[in-house]
Amino acid sequence: MMDRSRFLALAEAYGADLRRWPDGERAAAQAYQAAEPEAARTVLAQADVLDDLLFASRPPQPSVALRDRVIAAAARSPRRASWRARLGLAMGAGWAAAACAGVVAGVVMTSHLTANAQADAILYQSTLSTVDDMEVLG
Amino acid sequence: MSGSAVMDRAFICGVAADEARRDAANWSTTGFWRERTQEARLARTADPDDDLVRRVGQGDPAAIQAMVARKLPRMLALAHRMLGDAVEAEDVAQEAMLRAWRQAPRWTPGQARFDTWLHRVGLNLCYDRLRRRREIVTDAVPDRPDTGPAPDRGLLAADTGARVEAELARLPLRQREALVLCHYQELTNIEAAALMKISVEALESLLSRGRRTLRQALADIRPGAEGA
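Chains as they are written, first to last, in our numbering: chain D, 245 to 382; chain E, 607 to 834.
Source of the hints: derived by calculation from the structure; they are not laboratory data. Please note that a few of the clues may not be correct.
What the hints assert, rightly or not - The calculated SDA-like cross-link candidates involving lysine to any residue, where the alpha carbons are at most 25 Å apart (straight line), are:
1) 803(E) / 735(E)
2) 803(E) / 818(E)
3) 803(E) / 270(D)
4) 803(E) / 269(D)
5) 803(E) / 253(D)
6) 803(E) / 263(D)
7) 803(E) / 709(E)
8) 803(E) / 740(E)
9) 803(E) / 267(D)
10) 803(E) / 268(D)
11) 803(E) / 264(D)
12) 803(E) / 256(D)
Model the full structure from these sequences, guided by the hints.
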């Protein structure tokens, strides 16, 4: 069980309200309180005097202007996309990737066909004696 | 300069150095594991703000309103008691909330409680302000008005509050910080110790010394006699 000196130390640190005391020591403190009610009451009464005084200090409440400024700032901040938006983004990315693949395939096929046509042109002009290769190929 | 002012100044400079060395210190085995243990303790507690933070990150206007209602008064109270200046407290509270808006879309639940993270932000902003004050007022101790009660009048409730705030402002910074976090902000001892980067035992010592000093300073006020 908790002894008087520990009970006193906790009251001096955390005040008279046992709900503010460390979770791990609250049960032992309550046991001490039940076993030594008079001693516990004296200690807590002393701590309670200061608690009352501390609570006499009231913090200022946020003004409407401050609240408005903070809320307005939220609208200008970046946001995390919802799962719907993320899904839409993912689908959009898929479509974009497919489009890119199509473009690449088109370019490859075009260059392949062009090469074949150029080869045909070279073979054709090789049968001619008066045309320079450079005139055909550029 | 008073002893507590010297200690405050040393602490503030220490905080700046701590921030700069933080990454390196994390590689120190002892410090690293102590920090990890504290984070794990914090993470084990379910965070009541998780859902709200997620909705704020998505830009939900109702969640933003709810977050402001829940956190802005807490940040303002924290800054007001740490700095003792209404205008500076508003600036700090606003900046802390702006950082919350920026952090919300990136927030990963389970690593720490959002409220604890926000307090870390608020405290750092307060340290910055206090450090700037110390740079301006170097050796001169600011004149403080005699806040003691006039002999010919009783104390009204508002006077008591003002008197308590004045005595709180006189406390050494670390004692004040411990009291503000535990008593007013109602953080647990583990959360407060983690924020202050000290052990729970050291936190208790700061709390006890702070409360003892306040009890002596406010001994002339009888609770319940206000306005009599």
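Structure-based check of all given hints:
1. 803(E) / 735(E): 20 Å, holds
2. 803(E) / 818(E): The given pair, whose Cα atoms are some 23 Å apart, holds under the 25 Å limit.
3. 803(E) / 270(D): 24 Å, holds
4. 803(E) / 269(D): Cα-Cα ~22 Å, so holds.
5. 803(E) / 253(D): 21 Å, holds
6. 803(E) / 263(D): 23 Å, holds
7. 803(E) / 709(E): At roughly 22 Å apart (the allowed maximum being 25 Å), residue 709(E) and residue 803(E) satisfy the hint.
8. 803(E) / 740(E): It holds: about 22 Å lies between the C-alpha atoms, which stays within 25 Å.
9. 803(E) / 267(D): Roughly 20 Å separates the two Cα atoms, so the pair holds.
10. 803(E) / 268(D): Roughly 20 Å separates the two Cα atoms, so the pair holds.
11. 803(E) / 264(D): Answer holds: residue 803(E) to residue 264(D) is near 20 Å, not above 25 Å.
12. 803(E) / 256(D): 21 Å, holds
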